[in-house]
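Protein chains in written order, with our numbering: chain A, 1 to 284; chain B, 1 to 315.
Since the hints were derived computationally from the structure, they do not count as laboratory data.
Every residue, glycine too, gets a C-beta built ideally from N, C-alpha and C.
A portion of the hints provided could be inaccurate.
Okay, derived cross-link-like pairs now, PhoX-like style, lysine-lysine, Cα gap no bigger than 20 angstroms in a straight line [claimed, not checked]: (1) A:Lys-16 <-> B:Lys-118; (2) A:Lys-271 <-> B:Lys-118; (3) B:Lys-88 <-> B:Lys-174; (4) A:Lys-113 <-> B:Lys-168; (5) B:Lys-91 <-> B:Lys-247; (6) B:Lys-88 <-> B:Lys-247; (7) A:Lys-109 <-> B:Lys-24; (8) B:Lys-24 <-> B:Lys-9; (9) A:Lys-247 <-> A:Lys-55; (10) A:Lys-109 <-> B:Lys-9; (11) A:Lys-141 <-> B:Lys-118; (12) B:Lys-9 <-> A:Lys-113; (13) B:Lys-91 <-> B:Lys-174.
Sample of chain B residues lacking proximity to chain A, with all beta carbon distances greater than 10 angstroms (derived) [unchecked claim]: (14) Lys-91; (15) Ile-105; (16) Glu-172; (17) Ala-198; (18) Leu-207; (19) Ala-290; (20) Gln-304.
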Amino acid sequence: MQENAVAGSPVWRRVKSVLTHVLLMFGAIIMILPLYWMVATSLKSYPETLAYPPKFIPSIPQWINYVDAWHSQTYFARYFYNSFYVTIVTMVTEVIMTIFASYAFARMKFLGKNILFALFLSTMMIPGEVLLVPNFITITKLNWYDTYAAMIIPFTVSVFAIFLLRQHFLQIPFELQEAAYLDGAGHTRFLFQIMLPLSRPPIATIALLKFIGSWNAFLWPLLVTQSAELRTVPIGLMSLMQDEGLKYHIWMASATLAMIPVLAVFLAAQKQFLESVAKSGLKG
Amino acid sequence: MKFGATLGKWLDMPVGATRWTWRKFWADTSLAYLFLLPSLAVIGLFSLYPVVKAFTLSLTNYFSPRVPAEFIGFQNYREILQDPMFWKAVKNTAIYVVGTVPVTILLALGIAMLLNRKIHLRAFYRLAYFVPYVTTAVAISMVWAWIFHDQWGLLNYILGWFGVPAQKWLLEPKWTMFTICVLAVWKGLGYTVVLFLAGLQNMDRELMNAARIDGANENQVFRHITWPMLSPTTFFITITAVINSFKVFTELFVMYGGRPGPLREGITIVFYIYEKAWDDHVMGYASAAAYILFFMVLAVTIFQFWYARKRVHYS
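I would like the entire structure built from these sequences, with the hints used as guidance.
Structure (structure tokens):
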């Protein structure tokens with residue numbers, strides 16, 4: 001009796017389950033549709049993109065569109081190189097700096113620790129847009145305008161990442177540290193031999209977040225670069241859109257190419273990634 | 001003496017320490033600062049210094065590094081508050097916040113409730129809803145510009161099935177904020193779903209089952225148990241979503257080819273700042289606008305904390 005009161009009758013359960021799937025599938029189709037439409041259009045011939053009613057499946061996939069997209073801009077290969085370069089250097093530098101900063105905040109006693117940590121956290125409250133103008137001036141004064149440094153260095157610290165890794169470091173038992181200390185291991189050896197091997201998942205998450213953020217970045221790289229040799233993929237795409245001569249199938253092929261690296265990285269690590277996103281919200 | 005002790009506590013100095021612990025404390029302090037130095041340098045130069053710098057700039061007519069700037073007090077602020085374009089930007093930003101945050105939260109909560117049980121394909125659904133979140137903003141805005149195309153776009157075609165006449169989405173100013181909101185809800189929904197799902201899974205199910213056994217129906221269980229227990233998650237999501245929507249820019253910039261919508265009708269606050277700083281080159285003025293944005297975000301956040309004070313239940 002009471003079992004039924006909680007779970008409902010078998011027939012009702014069945015109906016509910018089917019309804020749930022219908023709703024969820026409908027939503028999932030809407031979410032995937034724009035991405036599907038991008039890929040479908042990217043494989044159509046030019047006349048087919050203008051067919052009405054539109055075709056959901058390209059009659060003959062035109063893989064050549066990708067070659068055309070690649071050659072549509074003189075510097076497309078260069079944009080990819082730049083994006084990879086900026087993304088990977090930013091990511092590696094950030095991870096190294098985050099490890100040291102998080103360790104200091106989690107495991108060391110030092111002068112001014114709490115004040116410094118509060119200062120770090122307070123920067124999370126500032127909307128990045130407030131910093132655009134003064135940072136642009138700073139970059140110009142440092143003679144970093146139109147260099148890789150301008151795109152990389154301001155993004156090598158993420159307070160959120162430091163906070164995340166610090167939380168993880170705090171959970172590792174302090175007894176381990178005392179034991180290591182008695183064995184003559186100082187902070188640096190303890191960090192590298194004990195803490196880091198225990199911290200692969202949060203470090204991977206931090207790296208992944210930075211990879212996605214850095215690859216997708218638009219406004220700042222647009223502001224601090226000028227020469228085509230230094231521009232990244234999103235900015236290259238933007239100039240493609242302003243080129244009137246190009247058509248939608250080439251646009252969509254270029255957009256697909258631009259997204260392949262982030263989507264590949266995300267899909268490879270999605271389980272880990274979704275779990276860390278979920279955790280980041282629970283602290284709120 | 002008392003002052004010294006308080007200061008020492010504030011600076012995290014050890015209390016009643018021996019010479020040996022003091023020596024270790026100073027050794028640790030130097031090592032810690034060595035560890036923190038790179039981060040501190042970047043934060044100082046690109047986050048802390050510019051907060052001050054933006055404010056001092058906002059009180060000048062700064063134009064270019066070659067022209068000396070003059071101090072003009074709050075003149076920039078006065079001019080901005082009298083500029084109809086700025087108020088249009090505020091209005092559009094407000095429309096965007098109101099048009100995205102509640103819709104995203106309601107849809108995401110619904111989806112998370114549906115996903116919060118043992119069902120087949122759960123991992124697939126979660127992935128499908130989340131994928132848009134990691135897409136490249138510029139690329140995906142191009143895709144949506146194509147979907148919104150008035151002649152060959154997918155949206156007009158699908159709406160045609162239901163007898164809705166074709167609209168000029170990207171050409172008529174009345175649709176500008178709508179198109180941006182659709183794109184934003186689509187892109188941000190999955191992130192919110194994942195956060196809600198985590199909140200739901202973190203809950204104690206026994207309380208709900210006990211209520212059901214006591215005869216509460218699903219509506220009552222949701223209203224009196226699930227919703228209050230979920231309130232910290234909802235609060236976190238609302239705060240971050242509102243702060244983020246104040247910064248709407250890239251999608252608008254790309255979908256409308258670098259312009260703030262047709263006839264400039266879709267301008268937002270960040271777009272206004274961008275145009276002042278990089279088209280008109282009045283950087284002091286732009287900094288003042290940025291500071292106004294900062295204070296607006298701060299005021300709205302404080303209001304939300306005040307509003308939530310009795311409505312959020314931390315167990």
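Results of checking the hints against the structure:
1. Simply put, Lys-16 (chain A) and Lys-118 (chain B) have alpha-carbon atoms about 13 angstroms apart, close enough for the 20 angstroms limit, and the pair holds.
2. The hinted pair formed by Lys-271 (chain A) and Lys-118 (chain B) meets the criterion: a straight-line CA distance of about 17 angstroms does not exceed 20 angstroms.
3. With a CA separation close to 13 angstroms, the supplied pair Lys-88 (chain B) and Lys-174 (chain B) stays within the 20 angstroms bound.
4. Annotation: proposed proximity of Lys-113 (chain A) to Lys-168 (chain B) is violated, straight-line Cα distance about 57 angstroms (limit 20 angstroms).
5. Taking the CA atoms of Lys-91 (chain B) and Lys-247 (chain B), the gap is near 13 angstroms; set against the 20 angstroms cutoff, the hint holds.
6. This hinted pair checks out: Lys-88 (chain B) and Lys-247 (chain B) have alpha carbons roughly 15 angstroms apart, not beyond 20 angstroms.
7. Between Lys-109 (chain A) and Lys-24 (chain B) the CA atoms are separated by roughly 9 angstroms; this keeps the pair inside 20 angstroms, and the hint holds.
8. Of the pairs offered as hints, the one joining Lys-24 (chain B) and Lys-9 (chain B) holds, with about 17 angstroms between alpha carbons and a cut-off of 20 angstroms not exceeded.
9. The straight-line distance between the Cα atoms of Lys-247 (chain A) and Lys-55 (chain A) is roughly 17 angstroms, inside the 20 angstroms bound, and the hint therefore holds.
10. A C-alpha spacing of about 12 angstroms is found between Lys-109 (chain A) and Lys-9 (chain B), which places the hinted pair at or below 20 angstroms, so the restraint holds.
11. Among the hinted pairs, Lys-141 (chain A) with Lys-118 (chain B) is inconsistent with the structure: their alpha-carbon atoms are about 58 angstroms apart, more than 20 angstroms.
12. Note on Lys-9 (chain B) and Lys-113 (chain A): the hinted pairing holds, with a Cα-Cα distance of about 11 angstroms set against a maximum of 20 angstroms.
13. Our distance criterion of 20 angstroms between C-alpha atoms is met by Lys-91 (chain B) and Lys-174 (chain B), whose separation comes to about 13 angstroms.
14. The claim that Lys-91 (chain B) lies off the interface holds: its Cβ sits roughly 18 angstroms from the closest Cβ of chain A, which is beyond the 10 angstroms cut-off.
15. Every CB of chain A is more than 10 angstroms from the CB of Ile-105 (chain B) (nearest about 13 angstroms), matching its label as outside the interface.
16. No beta-carbon of chain A comes within 10 angstroms of the beta-carbon of Glu-172 (chain B); the shortest separation is about 20 angstroms.
17. Residue-level check failed: Ala-198 (chain B) sits 3 angstroms from the nearest beta carbon of chain A, not beyond 10 angstroms.
18. Leu-207 (chain B), annotated as away from the interface, keeps every beta carbon of chain A farther than 10 angstroms; the closest lies near 13 angstroms.
19. At roughly 4 angstroms from the closest C-beta of chain A, the C-beta of Ala-290 (chain B) falls inside 10 angstroms, breaking its exclusion from the interface.
20. No Cβ of chain A approaches the Cβ of Gln-304 (chain B) within 10 angstroms, the least distance being about 12 angstroms, so the stated non-interface status holds.
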